[in-house]
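*Asks:* Below, each chain spelled out in residue letters.
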Amino acid sequence: MRKTHVNASLYRLIYCSRNVIGRVMPGATVDDELRTILAVARRRNKSDGITGALLFTASGFAQVLEGPRETVEVTFERITADPRHAGVTVLSFTPTERRSFPDWSMAFTAQAAKGKPDPLEHLLADATFAGPRATTGSDVLRLLEKVVQREDAWIAA
Amino acid sequence: MREPWAMRAPDGLGTAFSTPPAKAVAAGRERGEGNRLAQTLLAHVPLAVAVIDAELRLSFWNQQAAILFGAVSGRAAGLPRLADILKGIETLTPVQRDRITAFAASHIASGDRTEPDGSLRVSLGRDRRIVIQIRGIGLQRWMVQFFDGKMALAAGLTEGSRDNGDAWLDALTGLSNRRHFNQILHRLVDDAAADATAALVMIDLDRFKRVNDTLGHPAGDALLCLVAQRMRREIREDDVLVRLGGDEFVILLPRGERAEILAARLVDVLSSPFLVEGQVVNIGASAGVAYFPEHGPSADDFVRHADLALYDAKSAGGGTVRRFDPAMAEEASARRDLETDLRKALALGEFSLAYQAQLNVKNQTLTGFEALLRWNHPVRGIVPPAVFIPVAEEIGCIVALGEWVLRSACHEAARWPEPLSLAVNVSARQLEDSERLFSVVQAALVASGLPAERLELEVTESSLLAKDTHVVDTLHRLRAAGIRITMDDFGTGYSSLSQLRSFPFSKIKIDRSFIAGLGSDAQSTAVIRAIAAFGAGLGMTTIAEGVETAQQAALVEADGCTDIQGYLISRPIPASEIDALLRQHPAGTETTSIAG
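Protein chains in written order, with the numbering used here: chain A, 1 to 157; chain B, 1 to 596.
Mixed in with the good hints, there may be bad ones.
Claimed, not checked - Restraint-style ranges between C-beta atoms, simulated for each label pair:
# : chain 1 : residue 1 : chain 2 : residue 2 : range
1 : A       : E97       : B       : Q183      : 49 to 57 Å
2 : B       : L139      : A       : V20       : 32 to 40 Å
3 : A       : T29       : B       : A193      : 42 to 50 Å
4 : B       : D268      : A       : A58       : 36 to 44 Å
5 : A       : G27       : B       : S298      : 42 to 50 Å
6 : B       : Q523      : A       : E77       : 40 to 48 Å
7 : A       : A81       : B       : S298      : 55 to 63 Å
Unchecked claim - With the Cβ distance kept under 10 Å, some of the chain A side facing chain B (calculated, not the full set):
#  : residue
8  : L13
9  : Y15
10 : G27
11 : D32
12 : R69
13 : T80
14 : V88
15 : S92
16 : S100
17 : P102
18 : S138
19 : L141
Hints listed in this document are in silico derivations from the structure and should not be mistaken for laboratory results.
Computed from a predicted structure; not experimentally measured.
Even for Gly, the Cβ is constructed at its ideal location relative to N, Cα and C.
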């Protein structure tokens, strides 16, 4: 009972967005921008008590953020302001008993390998044209869990 | 990602370290959050605060300072000079301005050691005084504080009752309020240089009311604060961001070239989801843009034109930006004329009723008439209901009009042979006021002597979409009094068969568009059949309107419709022609013998 109470304000946010780095920053390399995003996010999220995972592919971003409700809300406001992505769609925002990514201040998975199908593509199309469905949030969560387990976290230099 | 030192002062008028010194940049980077917090705090202290350098140029000022100085428009490039900024305080004499700049210069020259408490008192007019203090804050910067008695009063810091009307800031969001907006707008218009190009961006949130209705006002207020925060991020230092009230905002751009780009960007950022108190909230925004002096030249015209552009964006369904176009003003003025005429029409007796017969296809007997409103204006001629009914709905005169229709039509129907019924349209606005509608219906029945069983009220699907169950309660009450309720125009808008189960309707009226499509598209047939089958299952009459040919009549009958209405039977006719029509068609229903 006590534990439930302590975690009462723990929330999990899952969103996806389109990658527009190439469009808004013609000079920037995607790799450099990602390093910056991660370096800033890691430092900030660690002090804010936010954990989660970021999935990046050629088409866009999908991110899970876990932490105290208000902190997640404030972090999300900051994220929406970032010009490097567009079409931010919240797939789910719900209270949760436990963190799915307790050990990562921000895990990163670069699934942009050539030849591989882009796991975000159908998701972004769904979110854009059909509106978020109840299943897309858990899809992203499962996808990220799988990828994070399989690949080494990509550490920003 | 925005560098911390580039954070704008949260008000929008103040600039924040627009050209940061190298050391300040480094410090700002290290303390990004602290810097932001300090900015927010500075926006809320009831003190005008400015930061100057050794050459008496301002590198930062907060919103209160901006209010004190007034709009800082058309200034030269680079940091503004204190001497120039002070010219914005209207009541300050040139001598007083010199005293202030000399005071600042000597304080800086003295190495932060000036007389008693380092403050200067300057009187502004009869009963207003500002106290100016200056102190070094390091990095060759000095903070100048202007303690303004009027501002302190607005913030409730001084003795006496708090006068909210005197406040310049919106209490919820900390943005400028309407009063401040009016002041700087007029100043801008009055002092505008010949080559000035200012712009107004009017912003109105889409679907905001639903947030208040469903999540409550505290969530609505929290959302407005987030909205203000997102807009602040997008504006430039010279822009003035104002909350006019409710979910209405306006941005005044002293240099208006990029107004439409800004407007599009704001619509975009406000359409991103918000997280409010544990909920995901999706709203949107509409924007109207007007330019000065092109769409002025008076301040009132400037605002009115931006408003008209916003109205146009809203009418287009929201989520879009519209630039003012003179055609909008013409349209608005034509509409205003129509409104004026409409308000007078009832008193001048310009309305009349026409009645259109309804026929039971099986018995080939008339079941009743629908009363249809006609407006014959002496100059405009016959104005179609599709033109004036929406306007009447919007300006509210539909309620009085609907009551007149009820009384007149009941009076007419009372003389018809039994069991002919009367169908009267009831608007969404009438349904909103349950008490009034109920008593008006009762009074009309009593006065005319028409039995309640012979009155049918037609309601549209859209009026049932209202958020609460209130409307359905009203319908149940009328039904309990014996009055029958018809679902009108079914198949248009947000049709849903399940909606038919939300209330025991007596009759479903299938929209004329399906009847027009009969024979040419298979979908119409399918829809008519589905509705007719559904109606039969629930024991409801299904009537097809707009039936013009014998072929259509045969088809709708084959599809299961029980009743028809349309030119095939009769056009809408004046009351005086009803007797003649009844001589051609017998009246009756399935269960009652032919009367008359």
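*Asks:* Now, for every hint given, state plainly whether the structure supports it.
*Replies:* Evaluated hints:
1. Distance hint check: the CB atoms of E97 (chain A) and Q183 (chain B) are about 54 Å apart, consistent with the given range 49 to 57 Å.
2. Distance hint check: the CB atoms of L139 (chain B) and V20 (chain A) are about 37 Å apart, consistent with the given range 32 to 40 Å.
3. The given range of 42 to 50 Å is respected by T29 (chain A) and A193 (chain B), whose C-beta atoms sit roughly 44 Å from each other.
4. Judged by the Cβ atoms, the range 36 to 44 Å given for D268 (chain B) and A58 (chain A) is violated: they are separated by roughly 23 Å.
5. As the Cβ distance of G27 (chain A) to S298 (chain B) is approximately 46 Å, the hint placing it in 42 to 50 Å holds.
6. Restraint check, Q523 (chain B) to E77 (chain A): a C-beta distance of roughly 46 Å satisfies the suggested window 40 to 48 Å.
7. Here the CB-CB span from A81 (chain A) to S298 (chain B) is close to 37 Å, at odds with the stated 55 to 63 Å.
8. Taken as an interface hint, L13 (chain A) checks out: its beta carbon lies about 7 Å from the nearest beta carbon of chain B, inside 10 Å.
9. A distance limit of 10 Å between C-beta atoms decides the matter here; for Y15 (chain A) the minimum to chain B is near 8 Å, and the interface restraint holds.
10. Violation of the interface hint for G27 (chain A) is found here, the shortest Cβ-Cβ separation to chain B being roughly 16 Å, above the 10 Å cut-off.
11. About 13 Å separates the beta-carbon of D32 (chain A) from the nearest beta-carbon of chain B, more than 10 Å, and the hint is not met.
12. For R69 (chain A), the interface hint holds, the least distance from its beta-carbon to any beta-carbon of chain B being 5 Å, beneath 10 Å.
13. Interface restraint check: T80 (chain A) against chain B, minimum CB-CB distance 5 Å, threshold 10 Å, status holds.
14. Given the 10 Å rule on beta carbons, the hint for V88 (chain A) holds: about 5 Å separates it from the nearest Cβ of chain B.
15. Hint on S92 (chain A) holds. Least Cβ distance to chain B is approximately 8 Å, under the 10 Å limit.
16. Contact between S100 (chain A) and chain B, as hinted, is not supported at the beta carbon level, the nearest pair being about 18 Å apart and thus beyond 10 Å.
17. Using the Cβ-Cβ criterion of 10 Å, the hint placing P102 (chain A) at the interface with chain B is not satisfied: the shortest such distance is roughly 21 Å.
18. About 15 Å separates the beta-carbon of S138 (chain A) from the nearest beta-carbon of chain B, more than 10 Å, and the hint is not met.
19. The restraint placing L141 (chain A) at the interface with chain B is violated, with a minimum CB-CB distance near 16 Å, outside the 10 Å limit.
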